[in-house]
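For the sequence shown, the working numbering assigns the number 1 to the initial residue and increments by one for each residue that follows.
Hints may contain errors.
For each label pair, taking beta carbons as the anchor points, the in silico distance ranges come out as [unchecked claim]:
#, residue 1, residue 2, range
1, Glu-118, Gln-153, 42 to 48 angstroms
2, Glu-183, Glu-146, 47 to 53 angstroms
3, Ala-61, Glu-33, 32 to 38 angstroms
Simulated from the structure, these hints should not be mistaken for laboratory data. Idealized CB from N, CA, C, for every residue including glycine.
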Amino acid sequence: KELPSTITSSLGLALNEKECGDREAVEKLRLKERSGGYHQYEEFKGVTRPDPSSNIYLPEAERFDRDFAAEERRRIEQEQQRRQQALANKREQMISREVQRWQMMEEQERREQARIEEKKAKFQAGMKNNPSAAFNPITLEYDSTEQGSKLKQQDDYVKYRADMRMKNLDSKMNSGYNILTGEPRRTRNVPNPPY
């Protein structure tokens, strides 16, 4: 669709396409003269002449007065310093996190040990594998502890009492000779008391 050859601007001036140059220039002019306040037209003057408020604007004096190698070196150093600082911060965070983790584990271990000790004292927990007597039923030997020696002394006393009872019964129930052979009987020797 073509535009009419004569376009009236908002100022009431008659413009001809040939006077404006081409269709693009006519549309730029329309945008520039647009009213309503919802659009702000910024005229583009070209790549070599940017608007002073834009990011790419640089005064002519600064363009030729700079040492770009030194600036690039400074930028690289700043970037390296920023990276080193980030690594140092991360390292510190990791160390503090690790210290907290170890402290928490030690505290948990301490609480667990306290709980076990309390159970041992209160319920005698953890004594299931310990024998009730200081005697090893596999090797038939007494433990080499104070409890083992007391148990051995008690057992020796029980054996002594059994021997005494056997001698007593033998002397009361049997005569002094063997009734089958007629030979005199030997009396049982009683060991010395263990204490």
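So, going through the hints one by one against the coordinates:
no.: 1; hint: Glu-118 x Gln-153: 42 to 48 angstroms; result: 35 angstroms, violated
no.: 2; hint: Glu-183 x Glu-146: 47 to 53 angstroms; result: 48 angstroms, holds
no.: 3; hint: Ala-61 x Glu-33: 32 to 38 angstroms; result: 35 angstroms, holds
When each numbered hint is compared with the structure, a violation occurs for hint 1 only.
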